[in-house]
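Start from the sequences, fold in the hints, and give me the full structure.
My numbering numbers the first residue of the sequence shown as 1 and each following residue consecutively.
Check each hint, because a few of them may be wrong.
What the hints assert, rightly or not - Computed cross-link-like contacts, DSS-like style, restricted to lysine-lysine with a CA-CA straight-line distance of at most 30 angstroms: (1) Lys91 x Lys64; (2) Lys58 x Lys80; (3) Lys75 x Lys57; (4) Lys91 x Lys50.
What the hints contain is simulated information worked out from the structure, not anything from laboratory work. Quantities reported herein were computed from a predicted structural model and do not represent experimental measurements.
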Amino acid sequence: CILLDTTCPQMGCIYSVLCKYFINSVLPLDKELYKELLPDAEETSGLYNKVCKYCNKKFTSDKKNEQYCPKCKDKVKKEKARLRKQKQREKCHAF
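What follows is the structure, given as structure tokens:
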């Protein structure tokens with residue numbers, strides 16, 4: 001943690017192993033560790049546990065409304081673009 005002239009003031013605390021300095025200053029730099037140590041702190045950590053709608057695998061995202069994992073994101077984007085263009089071509093040929 002932080003270098004002090006004396007011992008760490010949190011070491012005398014028997015209720016928690018994590019000191020306030022570590023939680024507020026060091027832990028936010030490593031979001032995966034933050035999520036692991038404080039799973040109930042989704043809103044403050046900026047990470048969200050998600051399930052991909054395409055492959056149903058779990059992934060972690062920093063965006064609250066993200067639906068697809070990074071591997072499936074491009075696949076879904078291409079598929080949606082293909083369907084959109086196909087629909088557009090059908091409208092064009094209808095005239």
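Each hint tested on the structure:
no.: 1; hint: Lys91 x Lys64; verdict: 35 angstroms, violated
no.: 2; hint: Lys58 x Lys80; verdict: 22 angstroms, holds
no.: 3; hint: Lys75 x Lys57; verdict: 15 angstroms, holds
no.: 4; hint: Lys91 x Lys50; verdict: 36 angstroms, violated
In this structure, the earlier hints numbered 1, 4 are contradicted, and the remaining ones agree with it.
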